[in-house]
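Undergrad: So you can see what is in the structure, the chains are spelled out below.
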Amino acid sequence: MSECNVDDAASNEAWVPFKDRPEWRDLKPIPQDDGPDPVVQIAYSEQFREVYDYFRAIIAADEKSERALSLTKEAAELNPANYSVWNYRRNILQELNKDLKEELKYISQVIEDNPKNYQVWHHRRVIVEWLEDVTDELKFTEKILKEDAKNYHAWQHRQWCIQQFSLWDQELDYVDRLLKEDLRNNSAWNQRHFIIKNTTGYTDEIIKKELKYSQDFIRKAPNNESAWNYMKGVLQERKLFDFPGVLEFCHELYSKQIRSPFLIACMIDCYEEMLELGKPKKEETLQKATQLCNELAEEHDTLRREYWQYIARSLASKYGADVSGDS
Amino acid sequence: MGTSVKDIVIPSNAPKSLLLLKHADYIVSYGEKKDDYEYVMTEYLRMNGMYWGLTSLALVGHLDKMNRSEVIEFVLKCQQDCGGFSCSIGHDPHLLSTLSAIQILTLYDAVESVNTDAVVRWIKSLQQTDGSFYGDKWGEVDTRFSFCAVACLALLGRLDEINVDKAVEFVVSCMNFDGAFGCRPGSESHSGQVYCCVGMLSLAGRLHHVNADQLGWWLCERQLPSGGLNGRPEKLPDVCYSWWVLASLKIIGRLHWIDKNKLVEFILACQDEETGGFADRPGDMVDPFHTLFGLAGLSLLGDTTVKAVNPVLCMPEELLKKSKIQFQYL
Ligand SMILES: [Zn+2]
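One line per chain: the protein sequences are A and B, in this order.
Sequential numbering of the first sequence, starting at 1, is according to our numbering.
Sequential numbering of the second sequence, starting at 328, is according to our numbering.
One chain only, chain A, in its complex shape:
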């Protein structure tokens, strides 16, 4: 629900106290009201205290001026997570009709220093919306994702830009590059789904292509949760059997002694579907599925024993009675 960490404020050695700045002499600073408990001796930095005392005074006076704008910059630098500072900064930007291109440059720098902060990304989104100009956005988010390929905020912003300004064309190439760098990048797999779903959709032809695409990655790292989830996601609206080869693919890996829980889970899904569709050899299929559940519970995925036992039980209760009737 909220950030885990609070970023450290940047230290600024050339800082001039407000009491030594003639242009601020007319404004009376307002100290922080700390809420419950009597306010005790304040020992945190003089700079932090003064900047925020003046910030409160600016808000109280509803002052929207150049000096107020530069004050929000100082306040944001000390604590970029303070959303009220950004809100007020935007009010000033509008009132003074400031050059938003400049603002975009400025917020780029702030985001690079604080890439995991909600408020700075939100500020950027509003500025891009006002500018109705998305020229730099893909390049910018790419730069951030180069440092941390799973940065949730950067992906959010990128998806918003792509959707808002129809920037779908090159995105699959980008995703492909990311997955070649790190095939476990769950964000990139998600982006792949997002792009295809919103452009071509998962047609029969695309599904075949995507099955092959994900299977090639699974062969390289059979225990990659993200690739398996994607492969099954591709078939979400279909039957595994509409696209022959899934169970064969699993068997191929299994015969190579691969025992990834995701592989075995996918085999169980295939068997379950066969049971559901009333394919022949019910008893044998159920037995295979149950056997695999036991393997997972007892050997390959003991952490999730309860889950696999549940799957085995629910298969037995759904298809077991029927099987005994058959024989």
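The reader is advised that the hints may include incorrect statements.
Listed next, with one range per pair, are the computed distances between beta-carbon atoms [unchecked claim]: (1) Asn340/B / Asp148/A: 30 to 36 Å; (2) Trp130/A / Asn340/B: 51 to 57 Å; (3) Arg21/A / Asp408/B: 31 to 37 Å; (4) Ser314/A / Ala635/B: 48 to 54 Å; (5) Asp611/B / Asn97/A: 43 to 49 Å; (6) Asp204/A / Asp611/B: 46 to 52 Å.
Simulated from the structure, these hints should not be mistaken for laboratory data.
Glycine included, each C-beta is placed from N, C-alpha and C at the ideal position.
Put chain B with the ligand on the given structure of chain A with help from the hints.
TA: Quick look at chain B with the ligand alone, frame taken from chain A:
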């Protein structure tokens, strides 16, 4: 490419039992350290921070250690003309701080001391035509805000004031191909967002939209060999994510799918034996946020020295029993 998993190793000297009283002391002393850099830096989270601290105290049975009237007075000062609550005096209102404010007032049975009609009006005004909610007037959309809005209204007994069908429709549109949820349609699944979406659907009585077996599996895949849970694939385990995952599993009736003993061991190892409090991972700095979710997690896992916690609202169950809120569980 191997099958290595991103995880941590629990040090052998990490705490193995719950230091209940130390945690109460930690929270009380945190609130007193107003001269601390950390305290000042988190002003923008003050209301949330007070909710984390007060709920922690309530869960260990020491809510009386804080001054009730001072807390309520602070919360009242944070209600803005529009009806919403800000995180601290003089800040802008936001749904995140508004939920914390309503939760704090509920802890103290003091909801009636604020203008509830104004809160309800403000929350209503944030709902969009697609059913989603803005967090504040600046227009950010996130399923976290859908949860905050619905949770506030449920606590106020006014859920019928918004378009619940539309709100549900938006949350369901954020369900992904892996069965989990993200913050907007198409956003990557994330266990914090799963908690918000599942909690919201529980309060709305619409959990049938969830594919509980698929989601349950995705959630229990979050458990790593160390016993801790992560928020997304290939991320490190963390006490707060352990709570989001655990609470979601509880709501969909699949809590027993994870290895409880190993998770208990992980959470206990995140305590600081000297100062009290919990950190995100063993050996890291403690904070009130992870302290609440550590305690709440242990409560869901059956530790009876901590009071029973409600998995949807993360508040003491005994307190909510008195209310008329309907929680759906699978
Ligand atoms: Zn955390």
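Undergrad: Decide, hint by hint, whether the structure agrees.
TA: How the hints compare with the structure:
{"no.": "1", "hint": "Asn340/B / Asp148/A: 30 to 36 Å", "verdict": "holds (32 Å)"}
{"no.": "2", "hint": "Trp130/A / Asn340/B: 51 to 57 Å", "verdict": "holds (55 Å)"}
{"no.": "3", "hint": "Arg21/A / Asp408/B: 31 to 37 Å", "verdict": "holds (33 Å)"}
{"no.": "4", "hint": "Ser314/A / Ala635/B: 48 to 54 Å", "verdict": "violated (29 Å)"}
{"no.": "5", "hint": "Asp611/B / Asn97/A: 43 to 49 Å", "verdict": "holds (46 Å)"}
{"no.": "6", "hint": "Asp204/A / Asp611/B: 46 to 52 Å", "verdict": "holds (50 Å)"}
Going down the numbered hints, you'll see the structure goes against just number 4.
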